[in-house]
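Hey, can you work out the whole structure from these sequences and the hints?
There are 2 protein chains.
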Amino acid sequence: MANITKKVSWSSRGDESGGGERTPLLNGSEEVRYTRQLSGDGGMFHIGRLSTVDLEEDMTSDEVNSIDCVKVNRFVFQSLDYDNSENQLFLEEERRMSFLGFKCLEISRWVICGLIGFLTGLIACCIDIAVENLAGVKYFVVKQNIEKFTEVGGLSISLILWAVLNAAFVMVGAVIVAFFEPGAAGSGIPQIKCYLNGVKIPRVVRLKTLVVKVCGVICSVAGGLAVGKEGPMIHSGAVVAAGVSQGRSTSLKKDFKIFEYFRRDTEKRDFVSAGAAAGVSAAFGAPVGGVLFSLEEGASFWNQMLTWRIFFASMISTFTLNFFLSIYNKKPGDLSSPGLINFGRFESDSVAYNLYEIPLFIVMGAAGGLLGALFNILNYWLTIFRIRYVHQPCLQVMEAMLVAAVTATVSFAMIYFSNDCQPLGPDQSEDYPLQLFCADGEYNSMATAFFNTPERSVRSLFHNPPGSYNPLTLSLFTLTYFFLACWTYGLTVSAGVFIPSLLIGAAWGRLFGILLASITPDGSIWADPGKYALIGAAAQLGGIVRMTLSLTVIMVEATGNVTYGLPIMLVLLTAKIVGDYFVEGLYDIHIKLQSVPFLHLEAPATSHWLTAREVMSAPVTCFNRIEKVGTIVDVLSNTSTNHNGFPVVVPVAASDDMGKVCGLILRSQLIVLLKHKVFVELARSRLTQRKLQLKDFRDAYPRFPPIQSIHISQDERECMMDLTEFMNPTPYTVPQETSLPRVFKLFRALGLRHLVVVDSENRVVGLVTRKDLARYHLGKHGLEEMQLAQT
Amino acid sequence: MANITKKVSWSSRGDESGGGERTPLLNGSEEVRYTRQLSGDGGMFHIGRLSTVDLEEDMTSDEVNSIDCVKVNRFVFQSLDYDNSENQLFLEEERRMSFLGFKCLEISRWVICGLIGFLTGLIACCIDIAVENLAGVKYFVVKQNIEKFTEVGGLSISLILWAVLNAAFVMVGAVIVAFFEPGAAGSGIPQIKCYLNGVKIPRVVRLKTLVVKVCGVICSVAGGLAVGKEGPMIHSGAVVAAGVSQGRSTSLKKDFKIFEYFRRDTEKRDFVSAGAAAGVSAAFGAPVGGVLFSLEEGASFWNQMLTWRIFFASMISTFTLNFFLSIYNKKPGDLSSPGLINFGRFESDSVAYNLYEIPLFIVMGAAGGLLGALFNILNYWLTIFRIRYVHQPCLQVMEAMLVAAVTATVSFAMIYFSNDCQPLGPDQSEDYPLQLFCADGEYNSMATAFFNTPERSVRSLFHNPPGSYNPLTLSLFTLTYFFLACWTYGLTVSAGVFIPSLLIGAAWGRLFGILLASITPDGSIWADPGKYALIGAAAQLGGIVRMTLSLTVIMVEATGNVTYGLPIMLVLLTAKIVGDYFVEGLYDIHIKLQSVPFLHLEAPATSHWLTAREVMSAPVTCFNRIEKVGTIVDVLSNTSTNHNGFPVVVPVAASDDMGKVCGLILRSQLIVLLKHKVFVELARSRLTQRKLQLKDFRDAYPRFPPIQSIHISQDERECMMDLTEFMNPTPYTVPQETSLPRVFKLFRALGLRHLVVVDSENRVVGLVTRKDLARYHLGKHGLEEMQLAQT
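Same order as they appear, the protein sequences are chains A and B.
Take the first sequence: its letters are residues 1 to 791, numbered as in the UniProt record's numbering.
Take the second sequence: its letters are residues 1 to 791, numbered as in the UniProt record's numbering.
In case anyone wonders, no lab produced these hints; they're calculated from the structure.
Errors might be hidden in some of the hints.
It does not matter which identical chain is used: a pair holds within one copy or between any two.
Derived SDA-like pairs (lysine to any residue); straight-line CA-CA distance at most 20 Å [what the hints assert, rightly or not]:
id: 1; residue 1: LYS103; residue 2: PRO604
id: 2; residue 1: LYS143; residue 2: PHE256
id: 3; residue 1: LYS103; residue 2: ALA605
id: 4; residue 1: LYS660; residue 2: SER760
id: 5; residue 1: LYS660; residue 2: GLU737
id: 6; residue 1: LYS660; residue 2: GLU761
id: 7; residue 1: LYS103; residue 2: GLU602
id: 8; residue 1: LYS103; residue 2: PRO741
id: 9; residue 1: LYS677; residue 2: SER713
This is the structure:
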């Protein structure tokens with residue numbers, strides 16, 4: 001294995017793996033106990049060399065160990081199985097089903113997608129209305145208070161009022177997340193990325209997560225944090241999809257007895273991708289962008305019919321939101337609010353760009369890439385810090401409240417010390433213009449950025465006429481908001497990073513536009529600051545999240561104008577290239593910090609010299625077609641291996657220990673068989689016993705009981721189980737000489753969970769699972785092997 | 001096989017298969033000789049029951065035979081191999097290559113994509129300028145002539161002039177297509193769909209095809225046919241991509257010795273999809289739409305890096321076109337012509353739609369679906385007619401000229417008898433306003449639709465102010481243009497169907513808008529005829545071609561306004577659902593008429609009862625690892641089988657005839673081996689002989705010589721060949737019990753060409769190829785088996 005330059009661990013999981021009792025979750029809401037003292041502060045500083053280039057380059061193994069601080073329960077991440085287990089039961093059902101039956105299924109799928117879209121739109125609508133009202137009340141109260149105290153002095157009371165209000169909202173949001181459902185923390189996008197990639201993050205698509213997420217995001221946005229309500233919509237849509245498509249809620253213990261056919265990973269993942277798309281669509285009014293988002297994240301299992309259904313869900317979602325918001329805004333039939341964020345209308349005339357501006361846009365893209373990388377590195381440090389020191393729910397809540405109070409204080413200070421007064425025009429669209437120390441008929445310009453929901457601030461930066469902001473205001477705003485947003489992302493609250501990124505970018509973009517206009521002698525027409533704000537927003541967002549195609553379309557759909565398509569594309573591409581040079585995207589960092597066995601699109605380029613023989617796990621625990629119950633129970637109970645898939649073999653004539661592969665059976669199937677005591681002896685004695693059906697497997701899906709909960713008596717241990725009917729008789733296999741890229745391609749293209757490696761006699765020699773493939777990684781000097789959480 | 005309701009043949013290819021000398025090509029440019037008289041006209045009328053439902057339902061086998069009129073050379077359609085042959089040579093090369101080497105390759109891919117985009121944009125630019133100028137000259141001459149003769153009488157001379165000019169242009173276009181490169185006929189979209197699906201249509205990506213295509217489309221558009229220049233751009237882009245990515249032109253016998261790594265199907269197909277996207281992008285100014293088009297057609301082999309490269313190519317393509325056209329239009333830096341078709345700007349204020357209009361849009365979508373189905377059925381009949389009777393190049397040219405003359409005559413008659421005079425406003429944007437018999441200061445409204453390039457007519461219908469057309473004009477125009485366009489599609493000229501479809505739809509859509517406005521008492525503000533023209537255009541186009549997601553995005557990008565996203569989506573979905581009820585999309589009809597083994601996205605739903613054992617081809621011709629040259633030559637020369645892939649086996653100890661599979665070797669590889677005489681005996685005797693390298697295979701790609709051209713002496717026939725080093729040692733295999741959907745999924749997801757079916761001992765029992773899978777088809781009553789051209 002000479003070509004693997006180094007075995008590295010990215011952040012967590014040493015070889016010590018016992019003791020972690022709580023599920024680790026993405027986005028810094030980990031709950032882990034420490035058994036080992038950290039080796040000083042060394043780790044913190046080494047992480048400074050974060051970029052994928054540097055981190056792996058010159059860290060000695062000691063250094064690597066020094067950041068091995070988080071212990072992850074080894075058996076946290078299950079894989080999804082996108083490959084149908086085509087056992088006899090399944091085939092019998094499929095063959096029994098008529099053509100009409102399939103038509104009905106297809107129609108059900110469309111109905112479900114419609115429902116997903118509708119419910120997602122409705123949730124978005126609720127969030128929007130709740131946030132608007134809560135924030136409205138808050139800003140109204142604070143504004144009254146400020147106006148009262150501006151004249152009589154004693155503005156510090158206003159500050160305290162503001163800070164307390166913010167902290168109160170955020171406390172509620174943080175408490176429900178930290179104590180009830182840590183899985184609802186953050187934007188949820190990394191979790192959904194993992195889910196679409198085929199990793200089952202625990203509790204990620206539960207109803208409780210959805211409820212906490214929705215309440216949490218309302219609180220954190222109303223609490224004035226530097227967050228957006230858009231990211232969480234994607235997670236919400238995914239949960240809705242997972243729930244609706246299964247026709248039941250395990251949490252509510254309610255089974256509607258519908259859509260039972262869809263109770264398996266294959267179908268569920270399709271619907272979840274529709275849900276994620278519907279979420280994007282509702283968040284940004286971008287149905288096509290939503291489809292592309294799901295596509296970018298889950299391209300391996302794509303087909304045209306699915307695309308259309310996803311498109312349908314997206315369409316319904318944005319339409320539902322639009323419809324209800326129009327009614328709420330008392331303009332029914334107007335349909336002017338397709339998304340939660342509304343960039344406002346860019347009129348075609350004012351937004352034309354010139355050829356010579358393109359280099360400027362590219363420069364802005366590079367700047368966005370740099371700033372994005374800086375943001376990501378800072379946030380990475382912070383996350384490491386949080387994983388180490390801020391892991392108790394109480395501490396997490398307190399940190400969130402602290403951030404809320406600090407945000408209010410900083411905002412207030414900025415507004416207080418700013419003397420950028422602007423005339424209050426007749427067509428003034430500010431919702432809460434603060435006069436403060438400005439003359440009558442004027443308002444404080446800094447307040448339009450800080451004393452507002454971030455969505456409105458973005459819109460102001462895009463559309464306020466030239467001259468609304470002076471450069472100093474914008475610089476200060478950019479600087480403070482950058483650090484506030486960076487500090488905020490990863491708090492134990494539900495919140496997204498899209499809007500803060502856009503806001504930071506819009507601010508420095510507008511600043512850039514103003515500076516450009518000031519250095520050109522003749523006039524400022526061409527450097528419309530709103531246009532540069534838009535480009536800056538795209539650059540900053542691209543630099544942080546590193547999406548390209550889907551983000552371009554989302555931005556274009558959100559602006560409602562395709563004129564900017566090309567500049568936005570260029571900017572996003574540049575930002576991605578520049579940013580990737582330093583560090584990965586924010587979501588990828590958070591995924592990597594959890595050692596999730598995330599499969600990228602292709603095997604590392606230089607991995608052709610590795611073969612299946614080298615990457616596979618061996619030896620493999622196999623079962624015979626007819627196996628003793630005791631053996632099965634023992635294997636399943638063995639916590640040190642905890643395998644999920646077992647090849648079924650027929651013994652070869654003589655000598656050999658390994659049999660010929662004749663099938664593959666999953667842990668979940670064995671559990672159901674054991675639970676129903678499908679033993680050969682019992683079947684003989686009780687002839688009337690009901691035959692096990694696919695329905696029994698579906699009823700148990702997805703929360704199969706652990707083996708410990710199934711009681712098997714000593715007598716029963718001596719019985720035999722016939723697996724023939726239940727195993728997948730045609731698992732995909734590869735010869736052991738197959739190269740890693742070839743194995744990878746098969747695995748990724750078909751969304752496999754287990755791939756059996758055989759020798760030329762068809763005997764089982766190994767098993768390839770997700771973690772075997774995900775650990776190879778392309779570093780600066782070639783292939784590297786990482787340690788990952790077990791699948 | 002009781003579940004297969006019927007074995008049907010769609011149009012062509014009976015069991016008599018000798019004698020067809022020329023390659024059949026899509027789009028009615030077939031060149032075949034007949035050996036059998038048609039059994040009367042029966043066939044023609046049966047085809048009336050075209051819908052996939054009816055055609056297969058109640059045709060007796062006699063009836064089916066009666067339309068078996070076209071003989072197709074059995075070995076026309078080769079498959080592309082999207083699976084790398086990972087033989088020893090390949091692995092050695094990959095393992096030798098450094099990390100830097102892979103980086104360089106990646107950069108080359110980006111450079112190639114940039115070049116593809118640039119050249120495609122340039123070609124689009126040339127086509128646009130040439131068409132504008134030729135058409136300009138033509139319309140100017142005819143207009144002068146008409147004006148001259150309007151007063152003195154004798155307009156029949158103008159008519160003759162117009163008809164002759166049209167016919168002359170079209171003659172040139174048809175002659176080059178019919179005599180030099182029949183593959184350049186039509187829009188090329190069906191061919192590119194097939195290529196991306198994995199079927200190699202002969203001569204489809206040759207330089208000569210490109211040249212003829214470009215000249216042909218200029219002639220046919222300038223010749224006033226009811227065609228567009230957009231569809232052919234997709235084909236042009238694909239040819240450019242295939243050429244550039246290979247770094248050489250076989251036609252010009254010029255090898256630049258670059259990009260040699262990309263000389264295989266896998267890489268080439270990636271680039272061709274980028275080229276197709278660049279073509280769409282240049283045609284409609286729709287880079288995202290282009291990416292989605294490639295995606296819809298080739299989703300099986302998708303990954304994110306490829307998406308970004310395709311996006312890059314699309315972006316460069318539209319930018320190049322925009323840049324050069326801006327310069328040509330003397331507005332450098334303005335960048336206002338992103339595509340060949342420019343729908344003009346829909347201003348946001350005028351285009352808002354109301355909720356209650358959505359049902360109207362859906363009705364229009366349904367109408368579009370119906371009209372589209374009618375168009376497709378008529379064109380299907382016409383194509384069958386052409387395949388039978390119009391197969392000589394001379395006849396084809398004459399038909400094209402006839403259509404051109406008739407188009408001119410009908411147009412002239414319509415203009416002549418129309419008395420719809422409209423005032424010539426001050427901001428008149430008509431390019432060739434014909435006064436004819438109108439009063440001074442007025443122009444003939446019918447002439448804006450007929451006496452113009454179709455692109456300009458579409459724009460007039462979208463944007464001319466309400467009242468520019470009276471309903472009678474529009475009805476007559478719709479009716480005549482519908483039949484003209486239907487007659488034109490499938491002529492032996494290069495031309496697309498997008499613009500005529502849009503034009504028909506825009507005409508009846510505008511008519512619908514006018515009628516709506518007239519039946520509402522109060523006013524016509526809400527029913528802006530331009531808006532309904534746009535929706536009608538989308539509906540008609542969707543009804544004909546049945547694309548959804550990509551077409552939505554293309555339309556949105558072409559209108560430059562996302563407001564209409566939702567209505568267009570709804571309309572296209574409705575049109576597709578309604579249309580699909582009757583008949584397939586136009587491109588699919590033309591693909592099916594050629595019996596192309598086109599693989600759809602999924603296996604038919606009810607095919608679970610079929611297993612690999614039933615679908616595979618058996619027995620299989622296998623080779624031993626060390627095989628006698630004579631045997632190989634004999635097998636390759638056997639024209640009755642003409643296999644392209646051969647499993648390599650090691651004989652099993654005793655008794656068995658079938659050996660264990662240990663590899664797979666392709667015809668093309670064997671040909672190269674034979675050509676270089678890589679025989680065991682020779683290697684021993686001539687130790688200095690150069691070892692065969694991957695380069696030798698790449699040099700021969702893609703036009704491997706036929707076996708007949710390789711001379712093998714009697715002595716050499718007795719030599720042995722060692723295939724070990726050249727075969728793919730790890731071909732994908734499936735057990736023979738694997739269900740058809742499972743086989744299909746593996747085949748489609750990996751883009752395979754051959755899939756070896758093995759028994760439990762790993763012995764070869766069969767081989768699944770594209771045609772084995774493509775022949776199963778879901779009819780009204782369940783699974784049906786079709787006859788297809790051999791792969």
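Now for the hints, and whether the structure bears them out:
no.: 1; hint: LYS103 - PRO604; verdict: between (41 Å within a copy, 11 Å between copies)
no.: 2; hint: LYS143 - PHE256; verdict: neither (49 Å within a copy, 72 Å between copies)
no.: 3; hint: LYS103 - ALA605; verdict: between (43 Å within a copy, 9 Å between copies)
no.: 4; hint: LYS660 - SER760; verdict: both (10 Å within a copy, 8 Å between copies)
no.: 5; hint: LYS660 - GLU737; verdict: both (17 Å within a copy, 15 Å between copies)
no.: 6; hint: LYS660 - GLU761; verdict: both (7 Å within a copy, 8 Å between copies)
no.: 7; hint: LYS103 - GLU602; verdict: between (35 Å within a copy, 14 Å between copies)
no.: 8; hint: LYS103 - PRO741; verdict: between (38 Å within a copy, 17 Å between copies)
no.: 9; hint: LYS677 - SER713; verdict: within (11 Å within a copy, 70 Å between copies)
In summary, the one numbered hint that this structure violates is 2.
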